[in-house]
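Heads up: the sequence shown runs through residues 37 to 331, numbered per our numbering.
What the hints contain is simulated information worked out from the structure, not anything from laboratory work.
Hints are not guaranteed to be accurate.
Unchecked claim - Straight-line distance between alpha carbons at most 20 Å, and here's what the computed EDC-like set of lysine to aspartate or glutamate pairs gives:
id : residue 1 : residue 2
1  : 284       : 117
2  : 50        : 73
3  : 270       : 232
4  : 284       : 299
5  : 50        : 190
6  : 50        : 100
7  : 238       : 257
8  : 270       : 331
9  : 284       : 308
10 : 284       : 119
11 : 50        : 125
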Amino acid sequence: MRAEDQHDEVSMAKVLFIGTGMMGGPMAANLLRAGHEVVVHSRTRERAEPVLAQGARWADSRPDAAREVECVITMVGGPPDVEQIHLGELVEVARPGTLLVDMTTSSPQLAERIHVVALRRGLRALDAPVTGGPQGAQAGTLTVMVGGDAADLEAARPVLRAMGRNLMHYGRPGNGQRAKLVNQTVGMLNMLSAIEGLFFAKKAGLDTGQILHMLQNGLTESRSLHGLAPLALKGEFPPNFHPAHVVKDLSLAVAEAEAIGIDLPALRTARDRWAELVRRYPQAAAVHEIARLYE
37 MRAEDQHDEV SMAKVLFIGT GMMGGPMAAN LLRAGHEVVV HSRTRERAEP VLAQGARWAD
97 SRPDAAREVE CVITMVGGPP DVEQIHLGEL VEVARPGTLL VDMTTSSPQL AERIHVVALR
157 RGLRALDAPV TGGPQGAQAG TLTVMVGGDA ADLEAARPVL RAMGRNLMHY GRPGNGQRAK
217 LVNQTVGMLN MLSAIEGLFF AKKAGLDTGQ ILHMLQNGLT ESRSLHGLAP LALKGEFPPN
277 FHPAHVVKDL SLAVAEAEAI GIDLPALRTA RDRWAELVRR YPQAAAVHEI ARLYE
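Input sequences plus hints: build the corresponding full structure.
Below, the structure is given as structure tokens:
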């Protein structure tokens, strides 16, 4: 099938969206607003109620729903969930030509396996993790990092554009996940360095507000310094990106670095610090609660 035909095929798609949490719920809602027909499934129906109220239809069975759609999107917890859903369920039942799009931050090697199995079954698979956080998910301004065949990306473009402003194609299957792991490495190291720098300033007796202003307006500027670090200084931790997900993502990044034969000691240190946060504060629900380790 030609790429332009595939593009037309899913321009107004029937989509099964699996995983309607803090990120997935708003993403599915944006698909509805763009005119797509959306069927949703999550671990508990309660998590899907907001998007159901906007017009999505509930699926009791993921396999049954997958038989009826042109595109399946997953935004779930991690690699075990992705493997079970895609390789344990979807590839067995989806119709030929169906797009399987995993937007979870997951394993590059798993993404490669899904692509190979999907191809054998006459399906199309993309790994397409995102960055932009809950605000970006709500606004439809996520950056989507895509690995897979260019023709399949073109087929999925109308669906992905409903959720993301920037679609970045990184080439072969698994490379979307590799790009996301780079993103998480830089982002979480930025957050850790911002918190440690402010703690340093506080213990040195400096005005942390003044220090923060200096950092925000110099070469050290980052979104962490403008968004979450000021909240951490005030002891405000509204739920955003769960620290346990940081540990998962950085563990995947460490594993990928080892797989390609490089040593990233700062990355390993950051992973271990977030793991310590999860151990000491199991109720933590915000990434900038890393500041609690320095109280």
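How the hints compare with the structure:
Our distance criterion of 20 Å between C-alpha atoms is met by residue 284 and residue 117, whose separation comes to about 13 Å. Straight-line distance between C-alpha atoms of residue 50 and residue 73 comes to about 5 Å, which keeps the hinted pair within the 20 Å bound. Proximity of residue 270 to residue 232 is assessed by CA-CA distance (about 15 Å); at most 20 Å being required, the pair is judged to hold. The hinted pair formed by residue 284 and residue 299 meets the criterion: a straight-line CA distance of about 18 Å does not exceed 20 Å.
Proposed proximity of residue 50 and residue 190 is supported: the alpha carbons are some 17 Å apart, at most 20 Å. Between the alpha carbons of residue 50 and residue 100 the distance comes to roughly 14 Å, so the proposed pair stays at or under 20 Å and holds. For a cut-off of 20 Å, the pair hint linking residue 238 to residue 257 stands: about 19 Å separates their Cα positions. Between residue 270 and residue 331 the alpha-carbon distance is near 12 Å, which keeps this suggested pair within the 20 Å criterion.
For a cut-off of 20 Å, the pair hint linking residue 284 to residue 308 stands: about 11 Å separates their Cα positions. For the hint pairing residue 284 with residue 119, the CA-to-CA distance comes to about 15 Å; that is within 20 Å, so the pair holds. Annotation: proposed proximity of residue 50 to residue 125 holds, straight-line Cα distance about 19 Å (limit 20 Å).
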